[in-house]
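Quick note: the sequence shown uses our numbering, first residue 110, plus one each step.
Simulated from the structure, these hints should not be mistaken for lab results.
For every residue, glycine included, the Cβ atom is placed at its ideal position computed from N, Cα and C.
Check each hint, because a few of them may be wrong.
[Stated by the list, open to error] Label-pair distances were calculated between CB atoms; the ranges are:
1) 297 / 270: 18 to 26 Å
2) 286 / 215: 36 to 44 Å
3) 121 / 297: 32 to 40 Å
4) 164 / 283: 30 to 38 Å
5) 150 / 283: 39 to 47 Å
6) 311 / 253: 15 to 23 Å
7) 212 / 312: 17 to 25 Å
8) 194 / 309: 41 to 49 Å
9) 194 / 282: 29 to 37 Å
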Amino acid sequence: ALPSTWVTQPDGTPLAEVCEAANAWDSAGVHHALIPWAWEGRPGSYDGASPNYPSNMSKAADQLKATGAMAGLTVDPLLTSNGGAGTATSADGRHWANISTSEGRSVAAENMRKAVRWGFDFFVVKLSDIPPDVLRKFNMTRAQADNLALAIMTEAAGQRPVLPSTLGSIGANPADWAAAANWFNQMAEYKVQSGPARLNAENV
110 ALPSTWVTQP DGTPLAEVCE AANAWDSAGV HHALIPWAWE GRPGSYDGAS
160 PNYPSNMSKA ADQLKATGAM AGLTVDPLLT SNGGAGTATS ADGRHWANIS
210 TSEGRSVAAE NMRKAVRWGF DFFVVKLSDI PPDVLRKFNM TRAQADNLAL
260 AIMTEAAGQR PVLPSTLGSI GANPADWAAA ANWFNQMAEY KVQSGPARLN
310 AENV
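Use the sequences and the hints to build the structure in full.
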């Protein structure tokens, strides 16, 4: 079953603050909490960024679950730790898996299986910031890359829920949420499945 709601924090927020948010929202019936992006040290390393996160992210999953929440993790299946067959390196030194090839898909899938072994309960696939020149090298559009990344994570996760990330957020205005609900309903009539909608509760 997909989580109906979860709480998270801005990218790069330390684990301790994510746990605080999980505790704060539990009384409101929000029982899932998501570790936001930028939890890694070196991009693509799949090691937590010290001191905000433990190097072994299974410990982060345990700490978040200790709040009573189901623990989620934000991932980018296109990022990998080093070059090699099925990968390319961008100008900033990051390595990217070419998931249009079997070699690149194998690299991405193994990274995602590693993330699954950490024990998280659900995963959110971020919209990748893979550079345009690398996408051209892979002969892929950004939409194709994001859709394939979501498929790779879904396969790796097995029975665990996998969802896409959100592009923006909606404030705490009931009229805006009514408009969003109307839009979701209209899309459902055409068999278009919508992704998550984000409530920005910062000023609530």
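Now the hints, each set against the structure:
1. 297 / 270: 18 to 26 Å: holds, 19 Å
2. 286 / 215: 36 to 44 Å: Between residue 286 and residue 215, where Cβ atoms are some 42 Å apart, the hint holds.
3. 121 / 297: 32 to 40 Å: holds, 34 Å
4. 164 / 283: 30 to 38 Å: With Cβ atoms ~43 Å apart, the hint is violated.
5. 150 / 283: 39 to 47 Å: holds, 41 Å
6. 311 / 253: 15 to 23 Å: Cβ of residue 311 to Cβ of residue 253: about 34 Å, so the range 15 to 23 Å is violated.
7. 212 / 312: 17 to 25 Å: violated, 47 Å
8. 194 / 309: 41 to 49 Å: Given a distance of about 42 Å, which is inside 41 to 49 Å, the answer is holds.
9. 194 / 282: 29 to 37 Å: violated, 50 Å
Checked against the numbered hints given earlier, this structure breaks hints 4, 6, 7 and 9; the rest are met.
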